[in-house]
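Residue numbers (the numbering used here), protein chains in the order written: chain A, 421 to 1175; chain B, 3 to 420.
Accuracy of the hints is not assured; some may be wrong.
What the hints assert, rightly or not - Beta-carbon label-pair distances, calculated as ranges:
#	chain 1	residue 1	chain 2	residue 2	range
1	B	Ser198	A	Glu523	45 to 51 Å
2	B	Phe139	A	Asn524	35 to 41 Å
3	A	Glu523	B	Thr270	26 to 32 Å
Read the hints as simulated data drawn from the structure, not as lab findings.
Glycine residues also receive a C-beta, built at the ideal position from the N, C-alpha and C atoms.
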Amino acid sequence: MKNKENKFGKNTKRAAKGPNQRLIQRTAVLLIVILIFGFGAAICRLSVLTLVQGSELQEAAVEQQLKDTTISAKRGIIYDADGKVLAESASVWQVVMAPAYFENDKQREFAAKELSDILGLEYDDVYEDTQEHSYYVMVKRRIESDQRNEILKLIEKLENDYDCGNAVQLLDDYKRYYPYSDLASCVIGFTGSDDQGLEGIEYQYDDFLSGTPGRIITAKNANNTDMPFEYEQNVDAVDGNNIYLTIDETIQSICEKYMKQGIIDNNVLNRGVCVMMDVNTGAVLAMVTVDGYDLNNPYTLSDADKAKIAAMPEDEQTAAKGAALSAMWRNKAITDTYMPGSVFKIITSAMAIEENVIPDDMRFTCTGAVTFGHDIIHCSHTGGHGTQTFVQALVNSCNPAFVRIGQLVGMDKFVQYYEGFGFADKTGIDLPGEAEDSFWAKGSMNEVDLAVASFGQNFSITPIQMITACAAACNGGYVLQPYVVSKITDADGNVLKTVERKVKRQIVSNDTSAKINEMLGFNTESSGSTAGYVPGYNVGGKTGTSEKIGTKSISSFGEDYIASFCGYAPVDDPQVACLVFFDTPSGGSYYGSQVSSPVFINIMSEVLPYLEVKTAYSEDELAYIDVSAGNYVGLGIEEAKTAVEQDNFNYTVKGTGDTVVAQIPMVSSTLAAGGNIVLYTDDTSRSETVTVPSLKGYSVSEVNNIASAFGLNVSLVGAANSGVVSKTQSIPEGSQVSPGTVITVTFSSSTTVND
Amino acid sequence: MAPKEKMLLKGDINRIYDEEYYSEQKIKDEKFFIRPSAKRKLKKTGWFDIGMGIDLPFCIIILVLITIGTIMMFSASYAFAYYTQEDSYYYLKRQVIFVCLGICAMTFMSFFNYNKLHKVAPIILGVSYVSLIIVLFLPSINGVNRWIGFGAFNVQPSEIAKLSVVLFFAHWCSKYYNKMQLATYSVIPGIVIFGSIALLLFLEPHYSGIVIIAMLTVLMLYIGGMQTKYLIIGFAVIVGIVALLAMSGGLTYAMSRLDGWGQALEYTTEDMWQTTWQTRNSLYAIGSGGLWGLGLGQSRQKYLYLPEPQNDFIFAIVVEELGLVGAVMILLIFALLVWRGITLSLRAKDKFGKLLGIGLTSQIGIQVVLNILVITDWLPNTGISLPFFSYGGSSLIMLLAQMGIVLSISRTANIERQ
């Protein structure tokens, strides 16, 4: 404050004539220094602090003045299409500590000891927490009511004996439960320790599900004790929104049941995928990755994985466990790519029809192989298919014929349709981790590439892309965006968002689509159960078997394959499509026709009636259609006999009573028309049993004869086609059953399409 | 002669007031060159301006400041008192008593002929030395030896030292006014007295006391007639030392040694964070105030976040409650006090009165500025109270007694005009 004075020094000298003059001038300097420089600096500094840094400082001040406690929001519920709960949060508690309330080590030691005992924590860790000068230290989350009761007792004890009851507190918390444990696990996903979604829907829709945590804001003095000037503000937690999936628990369960069976039957080494889609909306009705995992214990590996990891050197185990877990959580239907193989012939056919490059009279000749310079492309039927029509080529799944069709379409158009059917982009399904296709770079595709691409080899796509494209081929040409969430509501049920069908583009005409349906319907009908034939429904579909290239073989065949089947029903008005896909079968067969088609048939035979898809039985089929048994119990014996005959069944009477006390098959059970109803008139005769014979390897009539000879009933699946042979029976040979018991026998073609 | 007259006509009023100037210039033509005071005397004969009374504006400013100060002291101490003394009015009650006693002292001193102080100035300086030495042998409070207790009263020897320095140099400079050009009459006594007092304050320790004593010494010597070159030399030496420290990196060290000066908002170590607690919360309070403040009584930082809000850091609470606008208005009143005190002192009929009045008034200005720079972390937190605002018995009474001296000087200033 003195540095400016020399500026006035000259004046001082000039006025030095009189001592008073000098005093006045120096006093003026003093006034300037104090009032302008001194007070000026003070005001400037205050202005900077209040106006420039004000908000920042105020924020810091408010932060220390307000004690902020978070209240967890309840996470939203995930429902299936039918309103069944798939994921839900239940109330639990969290234990928190406000160690600032501890006044001495005696309190700290006691609290740390009790807390570590009750909650099973390390004493040293808890004791360390008690040393902090803080009002919020998380001790343990998600304790259940028994531990909660003990904590309540501890708080009481702290209050009464140690006068620091505030130091330990219980807050509401939530825990996620999945009632169906592993159902649709790869779709639903699970949550982490902070209730945040980590996989699947839980991750994708975390913002909707998580809600907004509430807060209790309390203004406190620096000692955080009661003052007459307190201020408290509560912000209620807003519970998360509820999500309705397009996935139907019933359909999902059916699919999972048969997929699991398929995994076991075919010794599939690298999991399987089944996607069922509403072809007209793109809604996913079921999405299965088998084997899934228990959503309630997502960090528990399968026993096989555990054994594999236990055998590893110890330093590799952690990494291996992580890899195994992420592999287990992967939703293979969208995160893994594969070569579609012959299933892709549906798409190639659609291109050819739309481009009108195949005249009706065109014939394709297959000699078993096509040659491109040094490259030879073999047909699966090494002897060659001879001369075929377009439809026959599709039915035969003839590779050389499709090489020719690909050439007719041309490379540019082929790529254009590839992109048009949505293979070049992610489908945009509302699930995390969707993979991208792997196709030839623009301009790098040569004619050999085109040739193999025509029958679905040497490029990779995701299963969800395949079924979406297949849906487009059959639904009139509309490429849809697949989705798994149909509706979002708030916690009170008010609808926030509904998902509508979203058409990306129309890639082929309705006519082309109709022709594809006709061809695939014919394929299924003529190939029978190897091509997904489901009795009573006009099903269209295509098998596929593709070789896995670039991976080390682990299967029994020396080479690894993907066996897939993609089909839909009914062909005259397609409703649902289903893709069944097994990665690396290592059992009896690796062909899509042998591995995937039977699973597809099983799934569709249950799902189509559930969806009330209209049936279309041929005359042949009507002979094999199952009928329901009526109720004859309680009727007089003669009366019952007449009733049975009226229902077109035969009867056998067991016992000597006058009235029917029991019947086999039971009321409403289905059995082949003309079957045998056993009527019991007393209880003693009911202990009688018959031994189930072998019903495998016979024709339809032979099966019928054997069954009636043993007094058993049969329900026939896949029997309407010529040349079929019985393959499975629902009750194993040698079992003891009551007379009249219905045994389901499935038939399939003795010849196979090796594609 | 003519250009000079012209210049005077345009008018530096201070010069016109100066009687000695007139005698030197031998201007007798009263008709041509009327002194404003004489002119005023002719027009109105108000009792507050001319003659018998004290300078009423100055008195009113003091009363306004003491009123605002007491209200704000109550607001700032309310919660702290409730919490530490279980009586929200604890500090208010005492402060009101001190204010009453202080006003009594002020009234008494305003009647007291300050010229009597001329002779006792060296004695008071001696008393100051004795008290500064005694305090070093008394038990320390909070690690420092700053207070001498007299029952309910605590006296700070450094407060006495400030008064004694002003008093002594007013005495010295007025006595040897014509010899002040010589270093032996200005620089040497300055260095001897400041140096010895600074040493004693350093032992307390009381650094802010040293700073204020240094400023008062320089101020008194400067207006007392010391040659400007000594001031420049002294200033250059200080700048040199600071530059040397800065270059050797010692400045940062010194700053961190001074209770984390300038580091209140940055977390370095837990110890430092605790040490800078008061300054940091002062900044929080000031920042929270914003332009208009949270409203009288609405401070949140006073709820034990800012320790002892009634003492040195009271102005932080004032800014928090009244905002920048309120703070600037209060500072303007202080500025008015300084302006009025200094200008009225210039009217005193003798040198001693002029120097004493200027010194005592300037002391308030210096202390206000330093206090605000401390609470805003531009100076280290070393205990500079805010006049009329900070709680404190002996210092408030002494402050008002000093104001009484200035009022006493104002009487003679008025008498002189009469």
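Per the hint of 45 to 51 Å, is the separation of the Cβ atoms of serine 198/B and glutamate 523/A within bounds? Holds - the Cβ-Cβ distance for serine 198/B and glutamate 523/A, about 48 Å, lies within 45 to 51 Å.
Indicate whether the distance between the beta carbons of phenylalanine 139/B and asparagine 524/A respects the range 35 to 41 Å. For phenylalanine 139/B and asparagine 524/A the Cβ distance comes to about 37 Å; the hint holds.
Could you see if the CB distance from glutamate 523/A to threonine 270/B stays within 26 to 32 Å? holds (28 Å)
In this structure, none of the earlier numbered hints is contradicted; all agree with it.
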